[in-house]
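**Q** Chains as they are written, first to last, in our numbering: chain A, 1471 to 1811; chain B, 12 to 296.
Do not take every clue at face value.
Computed beta-carbon distance windows for the label pairs [as the list claims (entries may be wrong)]:
#1 Pro228(B) <-> Ser1745(A): 14 to 22 Å
#2 Leu1579(A) <-> Pro47(B): 50 to 58 Å
#3 Leu1579(A) <-> Thr272(B): 23 to 31 Å
#4 Ser1745(A) <-> Thr194(B): 38 to 46 Å
#5 Phe1737(A) <-> Thr272(B): 29 to 37 Å
#6 Ser291(B) <-> Lys1664(A): 15 to 23 Å
Below, a list of computed lysine-lysine pairs in the BS3-like style, where the Cα atoms sit at most 30 Å apart [said to hold, decoys possible]:
#7 Lys1551(A) <-> Lys237(B)
#8 Lys1514(A) <-> Lys1656(A)
#9 Lys1551(A) <-> Lys98(B)
#10 Lys1692(A) <-> Lys246(B)
#11 Lys1551(A) <-> Lys24(B)
#12 Lys1503(A) <-> Lys1480(A)
#13 Lys1730(A) <-> Lys246(B)
#14 Lys1692(A) <-> Lys1702(A)
#15 Lys103(B) <-> Lys1549(A)
#16 Lys91(B) <-> Lys1730(A)
#17 Lys91(B) <-> Lys173(B)
#18 Lys24(B) <-> Lys1733(A)
#19 Lys246(B) <-> Lys1733(A)
#20 Lys1493(A) <-> Lys1514(A)
#21 Lys1760(A) <-> Lys1675(A)
#22 Lys1529(A) <-> Lys1514(A)
#23 Lys1549(A) <-> Lys24(B)
#24 Lys219(B) <-> Lys246(B)
#25 Lys1514(A) <-> Lys1551(A)
#26 Lys173(B) <-> Lys98(B)
#27 Lys237(B) <-> Lys1730(A)
#28 Lys1733(A) <-> Lys91(B)
#29 Lys1733(A) <-> Lys38(B)
#30 Lys98(B) <-> Lys1549(A)
#31 Lys1730(A) <-> Lys24(B)
#32 Lys1592(A) <-> Lys1733(A)
#33 Lys246(B) <-> Lys1759(A)
#34 Lys1692(A) <-> Lys237(B)
#35 Lys1733(A) <-> Lys103(B)
#36 Lys1657(A) <-> Lys1669(A)
#37 Lys52(B) <-> Lys1549(A)
#38 Lys1514(A) <-> Lys1640(A)
#39 Lys1733(A) <-> Lys1508(A)
#40 Lys38(B) <-> Lys1730(A)
None of these hints come from the bench; they were simulated from the model.
Just so you know, these numbers come straight off a predicted model, no measurement behind them.
Glycine included, every Cβ here is placed at the ideal spot set by N, Cα and C.
Listed below, chain by chain, are the residues.
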Amino acid sequence: MRYVKIYNEKMQEFLERLKNYGKLYAPVKISDKFYDRKEIDDVKKISFDCLRTIMPAKKFFIPPYEELFEIDIENADYKEKIEETEPFVLFGLHACEIVALRILDGVYLDEFPDIYYANRRKAGIIIGLSCLPDEYCFCNLTRTDFVDIGFELFLHELPDGYLIRVGSPKGHKIVDENPDLFSEVKKEDIDAFKMFEEKRQKLFKYYGSFDNIRYILELTMKDKIWDEEAEKCLGCGNCTMTCPTCRCYDVQDIPDIDGKHAKRIRFWDSCQFRSHGLVAGGHNFRPTKKDRFLNRYICKNAYFYPLGTSYCVGCGNCTYFCPANINFLENLIEIRRGINA
Amino acid sequence: MHENKGNVYSLYKCRVLRVYDLTDDVKLFLFRFEDPDIAEKWTFIPGQFVQLSLPGYGEVPISICSSPMRRGFFELCIKKAGRVTSKIFELKPGDFVGVRGPYGNGFPMQEFEGNDMLLIACGIGMAPLRSVFMYALDNRWKFGNITVINSAKYGKNLLFKKELEAMRDVAEAENIRIIQTVTRDPDWPGRIGRAQEHIRYANTRPDKSYVCLCGPPQAYHDIFTKLIEHGYNPKRIYVTLERRMKCGVGKCGHCIAGTSTFLKYICIDGPVFGYYDIISTPGLI
Ligand SMILES: Cc1cc2nc3c(=O)[nH]c(=O)nc-3n(C[C@H](O)[C@H](O)[C@H](O)COP(=O)(O)OP(=O)(O)OC[C@H]3O[C@@H](n4cnc5c(N)ncnc54)[C@H](O)[C@@H]3O)c2cc1C
Ligand code: SF4
Ligand code: SF4
Ligand code: FES
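Bound conformation, chain B alone (with noise of 0.2 Å):
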């Protein structure tokens, strides 16, 4: 879906609907396409990113988090990070962006189906695991067990607490388990340690799961580990990467990563990878 009037960097120009805050730093936006062609046609799959402009300030890549079954419509959580995010912050209902994408290879949804998924998120992580739940609410028969461990350091700090609470009993009936902890956070009343704490009480049947993982990197040998304690196929285990993002179509070079045997652009060969390919590569994390 790159068919932008035969220049890649083009921009379909988009409409800010709504805006809510998530967290102190955290805002999500709700988006429209302008054309209404490009509304109807526009799809992505879970995992994968787009390259967001805001005019006269630059370029930034935000994965997206709703469901691509909403069509027309699509929604960013970001993270007031630096100068261009600073300036999306201030962005209200009526102003408009450009946009580009969508980018990278997203999860394999399809290879999914008919299997548990565990979705393991470390604090922004959220924002593509979202993307798959959603997806899979909206296609429930196709998928097994699933459970989201959200994970954070203050409970402030979690992305999408108030959504993932409100539906935690209704998605009990429905096999879908909701667990969200926090590290630091001493007045927290639910859940407390890092995310891997809390793998053994999901509901997925290790050994019928697919694992998405996505959070700061260097949590992701320990994560890797207790699941594979947990016996959970390493064959089955997906992570998201980052990197610095300047083209998203395998270009400007920034995101290049791995060694001289797996070269790879996260913005096209990524940024969703297995877990064979982070070990035996230096460098992917």
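Isolated chain A, as found in the complex (with noise of 0.2 Å):
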């Protein structure tokens, strides 16, 4: 892998160049707790210490609302709905939010690749950036706390800078075309990144294997602890909608008042709705709010064979979000109760 240094003096500048490299993306603060992902134009209100926006980077790939199709009624036409996509730039993505959107690669770029989430894809660009755990994230028993592609650069903190990971060839382009910004590394510098490492290592509230907690899971399915997280939830797919490779979407035609013509759309969908398993007929394949319940551990604790990951990358954000107050972690530490205690 390539290395490069770039001292915090410069870091201003390089906020400016990126974007060169198209519209820029990254987390400012909008309110006492909350981040969001906007689009930049002064890069000194831009968040370093932003851990989870209220909308993961997914929204820039998988739109929360889109028009797949224009609709001729009367010829059974359907024009599609794409736009190039003009190149874009996401600053300050962890290594949780880096591995997610390969997680919605293997899904939406598959045998059946979706050509509007692969035009974004292709656009954007994506500039890592490390952080320091709260007492949320878990990405160290999900394996997906250090990332090593998917990204063009990777910032690593240091004390007068950071360490960059150059992982892609649009990544070398940018590293060539701006020389006067970057450094070489030094030993101090290895160093330094080591010391992090180990800081946030230590930073992590569990440690341990996580592997077996889809065995665990299906085994503690019938366990009251369910039946008394069910009751809580209220079923307002907070946890969803926040989740970094949470993909669900519905699709309707909607007439336009000519009746001549339609639009295909489809939006962001939740299994913690109701209507999410229900079908012709009125049977649900998930008819209780447990059913529901249980399905997003069960779905984000099933393995994603291209990765060998869980779904779940263990950023917290379903925990964080939640107006309930579910403790996603929690509730898989108490399943597994006994191990490692």
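Got two chains here, separate frames each, mind docking them using the hints?
**A** Okay, here's the thing in structure tokens:
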């Protein structure tokens, strides 16, 4: 891997120059507690200590709402609405969120590639940023705390700047086109990088192997904890909307008033909604709140074979944004009680 | 066969050629692809389904119920069940629809070759199994004895009742047995009872048979028990499953089923599953 360093003094200029490569989006503080990833005009507003945004990066690739086709009803003609996506830069993605995008890639760019997603993914430039976990994070357990591919550049905090891993041809291009911004990595930087990594590992709340969680979950699905926790759940769907790997969508045809044309739209859906498993005739594959509640735990803890990790990347968003204070991680720790005790 | 101009959601335009009433709420539609290129190339495996779009109303997953040997045409048997299917019911010859697919794994027809085949359908489940059956008729030499058990609550709900009845006697001479049975119809002159009660009348040899099962999942466990009692090999029992579906291509998440150790998309990993998948996966049926 190619490594370069950038000093803090040059960071502002670096962020400015990123705009040359596309519209720049980065986290900004929008209230006491919340951050959002917004288009950046003034780079001084960018937050470097944001751990989670109210909407995960998936929104740039699978927008909450989009038109797929324009339909000419009489002629049964479906005209695809595929717009050229201008390049854009996403700054400040943490490791878990980059892995999350790779999971979405596995789903959206499989043998039935989704061209709408693919176009946006091609246009997106990903600049990763190191982080220190809070009490919601458990990416160490899900083995998604360090990412090796899926970014152009990844910035690791140093006392006086950042150690940068260059992760793609586009990343090399950015480095090569801006030689005045980058310096060589020195011995002290490597030591500082190692210290940062060590400090970071010590901040996680739980340790050990989590790979058996999917079996333990399967074996404890009848435990009463699931009744109790499901009882608390409001079914609001915040957890799935803020999850970087939840990707369920619904599709509808919306006719125009003239009755001659219609739009085929898709928009985010959630397995926490009753309608998600409902089929014609009134049968529901997940009729109770508990079915829906457990469905998320099952789905998130299932294995995503192409990456060898679970669909859950341990970001903690679902817990952080749950209005009912339901703690995803603590529930999983609870059913594992006895292991690593 | 999903080379839809780079966009998996793109639709092939199809024209309705014929519409037949099968029951009060089920119709059979014959379609043809408008594009002669597609018409020539498009094919599928029995048990696969298409996403059928009615312009301006929406899209629904429907099993293909004809034989893949008839190129350029295909049949869908559709039950009036909700918003989109009710509107599909109003289609007349000459009308257009959009179709994409075929999707799903389908039945492993090649694996079945050289063996007997027992097809057990309950209600609308006859739709995908008719495709298996038609395919077997078109390739009669490839398969051994065949039994079709077609069941429904009432005689009037039996799908393809006339078609199957008409071929019954000729079929016997070809080692094909057709059994139609109803559960709740006092006026029905034929066999009475659930599908599984008629397994014993099948002409299929349990040790040489594959079984395809399609019906309401609630019936599956009981049918499994009966099949195994009769000596059918569990490894050779296949069922089809249903879920709400929006995309058919493993994206929208609606059809995800199973547990954390066996999470499956019914649309791409199914809709056909084997007996052992079913019994080791709570939530699949
Ligand atoms: C693999 C597969 C094969 C099928 N084959 C057939 C067939 O051969 N013949 C037949 O009559 N029916 C079949 N169905 C069921 C058929 O898809 C539903 O009856 C149909 O989607 C109902 O749509 P609706 O708009 O009329 O009902 P609504 O209740 O108004 O449904 C609204 C939307 O929800 C979804 N939906 C609702 N019910 C179902 C359902 N049961 N399965 C999947 N999605 C659903 C659809 O996207 C539908 O447009 C099949 C379903 C699946 C999954
Ligand atoms: S965010 Fe919390 S309350 Fe809302 S659906 Fe998810 S678990 Fe339930
Ligand atoms: S399930 Fe929760 S912790 Fe896991 S990736 Fe989704 S939001 Fe993050
Ligand atoms: S129908 Fe969309 S994922 Fe299976």
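**Q** Now tell me, hint by hint, if it's right for this structure.
**A** Hints, one by one, checked against the model:
| no. | hint | in the structure |
| --- | --- | --- |
| 1 | Pro228(B) <-> Ser1745(A): 14 to 22 Å | holds (20 Å) |
| 2 | Leu1579(A) <-> Pro47(B): 50 to 58 Å | violated (31 Å) |
| 3 | Leu1579(A) <-> Thr272(B): 23 to 31 Å | holds (25 Å) |
| 4 | Ser1745(A) <-> Thr194(B): 38 to 46 Å | violated (31 Å) |
| 5 | Phe1737(A) <-> Thr272(B): 29 to 37 Å | holds (31 Å) |
| 6 | Ser291(B) <-> Lys1664(A): 15 to 23 Å | violated (45 Å) |
| 7 | Lys1551(A) <-> Lys237(B) | violated (52 Å) |
| 8 | Lys1514(A) <-> Lys1656(A) | holds (28 Å) |
| 9 | Lys1551(A) <-> Lys98(B) | holds (25 Å) |
| 10 | Lys1692(A) <-> Lys246(B) | holds (28 Å) |
| 11 | Lys1551(A) <-> Lys24(B) | holds (18 Å) |
| 12 | Lys1503(A) <-> Lys1480(A) | holds (29 Å) |
| 13 | Lys1730(A) <-> Lys246(B) | violated (52 Å) |
| 14 | Lys1692(A) <-> Lys1702(A) | holds (17 Å) |
| 15 | Lys103(B) <-> Lys1549(A) | holds (24 Å) |
| 16 | Lys91(B) <-> Lys1730(A) | holds (24 Å) |
| 17 | Lys91(B) <-> Lys173(B) | holds (20 Å) |
| 18 | Lys24(B) <-> Lys1733(A) | holds (17 Å) |
| 19 | Lys246(B) <-> Lys1733(A) | violated (46 Å) |
| 20 | Lys1493(A) <-> Lys1514(A) | holds (16 Å) |
| 21 | Lys1760(A) <-> Lys1675(A) | holds (28 Å) |
| 22 | Lys1529(A) <-> Lys1514(A) | holds (24 Å) |
| 23 | Lys1549(A) <-> Lys24(B) | holds (12 Å) |
| 24 | Lys219(B) <-> Lys246(B) | holds (12 Å) |
| 25 | Lys1514(A) <-> Lys1551(A) | violated (36 Å) |
| 26 | Lys173(B) <-> Lys98(B) | holds (26 Å) |
| 27 | Lys237(B) <-> Lys1730(A) | violated (53 Å) |
| 28 | Lys1733(A) <-> Lys91(B) | holds (24 Å) |
| 29 | Lys1733(A) <-> Lys38(B) | holds (28 Å) |
| 30 | Lys98(B) <-> Lys1549(A) | holds (22 Å) |
| 31 | Lys1730(A) <-> Lys24(B) | holds (17 Å) |
| 32 | Lys1592(A) <-> Lys1733(A) | holds (25 Å) |
| 33 | Lys246(B) <-> Lys1759(A) | violated (35 Å) |
| 34 | Lys1692(A) <-> Lys237(B) | holds (28 Å) |
| 35 | Lys1733(A) <-> Lys103(B) | holds (24 Å) |
| 36 | Lys1657(A) <-> Lys1669(A) | holds (18 Å) |
| 37 | Lys52(B) <-> Lys1549(A) | holds (23 Å) |
| 38 | Lys1514(A) <-> Lys1640(A) | holds (25 Å) |
| 39 | Lys1733(A) <-> Lys1508(A) | holds (28 Å) |
| 40 | Lys38(B) <-> Lys1730(A) | holds (26 Å) |
This entry does not satisfy hints 2, 4, 6, 7, 13, 19, 25, 27, 33, going by the numbered hints stated previously.
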